[in-house]
Amino acid sequence: MSIEMQLRAMPESDIREDWAWLEELMGAARDFDRFQAERRAGIAKLVERNFQELHEVYEAAYTLQGSRAWELPVFGGSPVYHATYAQPPFLILRPAQVREVADFLAAVSFGDLWEAARRKVLPPFSDFDEAEVKGWFLRHHTDLQAFYTRTVPTGHAVVKAFWY
1 MSIEMQLRAM PESDIREDWA WLEELMGAAR DFDRFQAERR AGIAKLVERN
51 FQELHEVYEA AYTLQGSRAW ELPVFGGSPV YHATYAQPPF LILRPAQVRE
101 VADFLAAVSF GDLWEAARRK VLPPFSDFDE AEVKGWFLRH HTDLQAFYTR
151 TVPTGHAVVK AFWY
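The sequence shown begins at 1 in the numbering used here and counts up one residue at a time.
Among the hints, erroneous ones may be present.
[Stated by the list, open to error] When the alpha-carbon atoms are kept at most 25 angstroms apart in a straight line, the in silico SDA-like pairs for lysine to any residue are as follows:
| hint | residue 1 | residue 2 |
| --- | --- | --- |
| 1 | Lys134 | Pro123 |
| 2 | Lys134 | Tyr62 |
| 3 | Lys134 | Arg34 |
| 4 | Lys134 | Glu115 |
| 5 | Lys120 | Glu132 |
| 6 | Lys134 | Arg119 |
[Stated by the list, open to error] Cβ pair distances, simulated, as ranges:
| hint | residue 1 | residue 2 | range |
| --- | --- | --- | --- |
| 7 | Ser13 | His82 | 21 to 31 angstroms |
| 8 | Glu132 | Ala106 | 21 to 31 angstroms |
| 9 | Glu132 | Glu4 | 13 to 23 angstroms |
| 10 | Glu17 | Ala37 | 35 to 45 angstroms |
| 11 | Thr154 | Trp21 | 17 to 27 angstroms |
These aren't lab readings, by the way, just hints derived from the structure by calculation.
Beta carbons: idealized from backbone N, C-alpha and C, even for Gly.
Model the full assembly from the supplied sequences, consistent with the hints where possible.
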């Protein structure tokens with residue numbers, strides 16, 4: 001079993017705010033070949049395992065800047081809930097929010113975020129060297145920054161799925 005945050009950029013007009021429809025859309029993209037094709041096309045991204053901790057790294061921006069934009073890259077967006085709330089919601093970032101995320105990620109210093117968040121983020125990774133852990137999060141940050149920056153000019157929304 002894997003723990004993943006999956007993102008997919010697509011025209012907002014194509015999105016149905018229906019949990020079952022979103023499950024089918026995002027679930028189909030879990031097919032390895034399809035996902036790789038979407039990733040190469042620049043419309044899909046996956047963050048494995050550490051997306052909660054990445055959210056905590058971004059939370060440091062609130063302390064540093066007083067900005068609420070830190071909430072958007074990982075857990076931001078309009079939720080679409082399962083009928084019984086038995087499954088995680090899907091999240092939809094509207095195009096204006098996608099731009100806000102891209103602007104936030106472009107403006108923030110990852111080094112400053114890391115320094116502000118490291119004491120909170122590092123304890124679960126005590127078996128690893130800090131430089132290695134920081135590298136994981138920097139890679140996630142860089143990949144998300146590229147994904148959101150590529151998405152802005154298309155005017156697309158972003159759908160997020162969380163698989164546990």
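So, going through the hints one by one against the coordinates:
no.	hint	result
1	Lys134 <-> Pro123	13 angstroms, holds
2	Lys134 <-> Tyr62	20 angstroms, holds
3	Lys134 <-> Arg34	30 angstroms, violated
4	Lys134 <-> Glu115	10 angstroms, holds
5	Lys120 <-> Glu132	16 angstroms, holds
6	Lys134 <-> Arg119	12 angstroms, holds
7	Ser13 <-> His82: 21 to 31 angstroms	24 angstroms, holds
8	Glu132 <-> Ala106: 21 to 31 angstroms	26 angstroms, holds
9	Glu132 <-> Glu4: 13 to 23 angstroms	20 angstroms, holds
10	Glu17 <-> Ala37: 35 to 45 angstroms	26 angstroms, violated
11	Thr154 <-> Trp21: 17 to 27 angstroms	21 angstroms, holds
When each numbered hint is compared with the structure, violations occur for hints 3, 10.
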